[in-house]
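Here is what each chain is made of, one letter per residue.
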Amino acid sequence: MKTQTKIAVSLVVFNIGLLLLFGIGIYFFLNEYSYVDFYKRLETRANIGARYNLKIDSANAEGFKKIREQHLEKLEAEKEYLIRIIPTVSLEEQATKYHLPLSLLQALMKDGRGRHQEGSTFYGGIKLQHNNATYLSIVSANSRFVSHHLTFLRNILLWGFLFIVVVTVYLSIYFSKHFFDPIKEMIDKVKQISTENIHLRLKEPENNNEISELASTFNDLLNRIETAFETQKNFISNASHELATPLTAIMGEADVALIKERKPEDYQKVLQNVVIQAERLNQITKSLLFLAQTGYKGKKIVLEILRLDEVIWEVKGLIDRLNPENKIQVDLSLLPEDPKKLKINGNKQLLHLALANILNNACKYSHNKPVSVHIGASQDQVLLFIKDQGIGIPENELAFIYDPFFRASNTRLFEGYGIGLPLARNIIKLHNGTLLVTSKANSGTSVQINFPLAKLIK
Amino acid sequence: MQKTILIPIDFRVASLNTLKYALERSSGNPHHVILIYAEYLEDSITELLFYRPESKIASKITPEFKNALEVLRNRFEYQIADLDIKLFHNRSRRGLRRFVENHQIDAIYIPQTYRLKMPKKAFDLVSIIRQTFVDYQEIDWPQDHSDASEKDHLEYLFNQ
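Note that the protein sequences, when read in sequence, are chains A and B. So in this note's numbering, spot 375 of the first sequence is number 375, and the numbers just go up one at a time. Just remember that this note's numbering sits 1000 ahead of the position in the second sequence, which is counted from 1.
Check the hints yourself; a few may be wrong.
[Unchecked claim] Derived pair list, reagent style PhoX-like, types lysine-lysine, alpha-carbon separation capped at 25 Å:
no. : chain 1 : residue 1 : chain 2 : residue 2
1   : A       : K340      : A       : K455
2   : B       : K1066     : B       : K1117
3   : A       : K6        : A       : K269
4   : B       : K1066     : A       : K340
5   : A       : K455      : B       : K1066
6   : B       : K1066     : B       : K1003
7   : A       : K369      : A       : K455
8   : A       : K440      : B       : K1121
9   : B       : K1003     : A       : K429
10  : A       : K429      : A       : K455
11  : A       : K369      : A       : K327
12  : A       : K79       : A       : K65
Since the hints were made in silico from the structure, they are not lab data.
So here's chain A without its partners, still in its complex pose (with noise of 0.2 Å):
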């Protein structure tokens, strides 16, 4: 069943079920009072026949018949009966002389009271002692109440409830529709979306109600979808360039050597070209393997407790001892006076790999410029903060910078393959923590790295 269906039976049925028992209880309360309120008059006209047929006042008697006469309405079928309980005749016979159903004889007789009820006839008595001997004093009428106003009432209520379920139906079905409509259209409007277009986007209504934002977390997602669909073009394409030229150089050299016959030297320059060639390739399937290892989740690293700022001073004697020309200055302006505000749990080789590479970046692109390094502590963090005055990515290009194989434009007299950033971004996430670059193109990068702290048992 669809939901529209759904919303639009259930709204029906509640409105129908919540209409039958207003109507229901109406009828059955008004039904119920008006019996009781129309046995009552038939008491008092029963008591007031009483008095002026047996005379019991005998002075108001008359007074009594004439108020009866002129101020009571005769009701529809009106009849009394006073009889005279005479302890010879059995109530059984006095109630076929008069006409009368027994049961009301023998409950007035019990409890000086009784109602009777014979289709739209209706009786009410009471007993009464009088001169040593006991009268039932009786009256019948047909109660034009039951019998018009109710009916009256019943049919109104029947013809109000069929055209409230009409409004009803016609309103969920009409409402149901129509709240959908706009998740209707946007099911049309995704269904035409495809690999091919995946550059269309929802409208996002103006009103800022559920469906413009379902309308703009559909676009976030497409957003996503997009990039990665990007992501994976610039991937495939950046690694075959990647692997492919080492190869044609190495087929090249071999090529040209084989045309004639050449000196030994030659071929050992040759066969020297071949082999850098193919240990550029081994590193570059090396560190794709290394990439592929830290971004699959499932394998669990070795953690241990260390100190962010010992890490960072391993890592500046490695890359002095690689490229002495560097000029990086570790700043500890901020350092927090509690060395147990620096500690977080970690893997030194990953740590050492991540931290080496963006700071090589560093230096690498501001072709040895001052790189800074600060360190600081909030309560739940260690934050790391290194800024070159390097070449800086175009703002176009900062959305793909942790792509595999991805190169900024301006990077075309820089050695690299484009898998140190995303490498140290792996290993960054596999401790918890937070990679941000910012940067502007000829201005410089600055990378901040957040750590969670160690939570230490004090």
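Given the structure of chain A, go ahead and fit chain B onto it with the hints provided.
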């Protein structure tokens, strides 16, 4: 002896550099730091009825600013014995003087070249401090004017 120092801020990370350099310069005694932010009082009666400085300050503290403050507290764990952020609404020299007297402030530090970025409803205390007092201390630090972007960044605290 504990010193009470007053520093005007604009709830941006960069303005905390005043505090950083002021404490770096100091002798290493514990300080009671009062950061002060000046803005005009609302003139709507409901705002005044429900005026609570705590929630006002809390609404102005950005995550970046909070982090920067934590970094500074960690760095100067001993020197910052106490740190309060206060709102100031009285744009008059007398009001400021009274504030300084009431809080028994020993020193006022203001940025020399950095301009507090105050929104429309707030006002710059630095110029009022300059007019009111003679014994304030000015702090200056290298600023990167090229990227004075609108966005606040924790990075602005980490400069040399």
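- prompt: Are the Cα atoms of K455(A) and K1066(B) separated by 25 Å or less?
  reply: Judged against 25 Å, a Cα distance of about 21 Å means the pair holds.
query: Is the Cα-Cα distance between K369(A) and K327(A) 25 Å or less?
result: holds (6 Å)
- request: Decide if the proposed pair is consistent with the structure: K1066(B) and K1117(B), CA atoms, cutoff 25 Å inclusive.
  value: holds (17 Å)
- request: Verify the proposed pairing of K6(A) with K269(A), using a straight-line Cα cut of 25 Å.
  value: Judged against 25 Å, a Cα distance of about 80 Å means the pair is violated.
query: Has the given pair, K1003(B) with K429(A), been kept, meaning a C-alpha gap of at most 25 Å?
result: violated (43 Å)
Straight-line alpha-carbon gap K369(A) to K455(A), limit 25 Å: violated (37 Å)
message: Checking one constraint from the list: CA of K1066(B) to CA of K340(A), max 25 Å. Satisfied?
response: holds (20 Å)
message: With the threshold set at 25 Å, check whether the alpha-carbon distance from K79(A) to K65(A) stays at or below it.
response: The given pair, whose Cα atoms are some 15 Å apart, holds under the 25 Å limit.
Agreement of K429(A) and K455(A) with the hint, judged by alpha carbon distance not exceeding 25 Å: holds (18 Å)
message: Does K1003(B) sit within 25 Å of K1066(B), going by the straight-line distance between their CA atoms?
response: Distance of about 23 Å is within 25 Å: holds.
- prompt: CA of K340(A) to CA of K455(A), is that 25 Å or under?
  reply: holds (9 Å)
query: Regarding the pair K440(A) and K1121(B), is the alpha-carbon distance no greater than 25 Å?
result: Violated - the C-alpha atoms of K1121(B) and K440(A) are around 32 Å apart, more than 25 Å.
In summary, the structure is inconsistent with hints 3, 7, 8 and 9 from the numbered list given earlier, while agreeing with the others.
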